[in-house]
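With our numbering, the residue at position 116 of the sequence shown is 145, and numbering never jumps.
It should be emphasised that the hints constitute simulated quantities derived from the structure, not laboratory data.
Keep in mind that a hint or two might mislead.
What the hints assert, rightly or not - Straight-line Cα separation of at most 25 Å, DSS-like style, residue types lysine-lysine; simulated pairs: (1) 178 <-> 191; (2) 113 <-> 78; (3) 178 <-> 166; (4) 73 <-> 113; (5) 78 <-> 117; (6) 166 <-> 191; (7) 191 <-> 117.
Computed from a predicted model, the values in this text were never measured in an experiment.
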Amino acid sequence: MGYELKLERLQFQARRDKRRRMNLLNLDQANREAFVATLDRLIKEHGMKPSDMFMHVLESSEEPEMNYWMTRVLIENHALDPQKPLDKDAAGEDVKPLQAACLLQNIGVVAVLLEKNAFQGSVADREFQLAARIASKHEDQALLGLLMKFAQERNELEWMMKALQRAPIQ
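Please model the entire structure based on the sequences and the hints provided.
So, in structure tokens, the structure goes:
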């Protein structure tokens, strides 16, 4: 019985570690350090706020790799909350960073937010499904493919697809 418990614990740790290492865009980790230095300088020497920097990155049309690393460093090194609502929509609902990044078709930011699980629930729940519907409505195949890759990495692609086929989220 003790061995089964140890095996189960090791399997859980392996799944958790795999999620931690998820790199949806297959970017080179060595490039991260340049963005750490840039953000440290902007925040410490120039007094910029991490939340303001995030809004600039979110709205950026720069290369996905730059947006990815800037967002990732802001979350990991500067305590940016990736689930904090950005604003309210016309109906008074919170606009979360994942949905905003999908609306702005910012694949680099979307990749980081997925890797950091910056949504509540599973891929079949409201927040993730709203992001998937936004990507689908924009007919953004790259963004939709990224969302599907994320769901597949978590072995939840079937759930995601079944949820997408249901009635639209209001």
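Each hint, compared with the structure:
1. 178 <-> 191: holds, 15 Å
2. 113 <-> 78: Between residue 113 and residue 78 the Cα gap is close to 15 Å, so the pair holds against 25 Å.
3. 178 <-> 166: Distance of about 18 Å is within 25 Å: holds.
4. 73 <-> 113: OK: residue 73 and residue 113 at ~23 Å, within 25 Å.
5. 78 <-> 117: holds, 21 Å
6. 166 <-> 191: Distance ~17 Å between residue 166 and residue 191 Cα, so the pair holds.
7. 191 <-> 117: Given that 25 Å is the threshold and the Cα spacing comes to 28 Å, the pair is violated.
Comparing the model with each earlier hint shows a violation of hint 7 alone; every other hint is respected.
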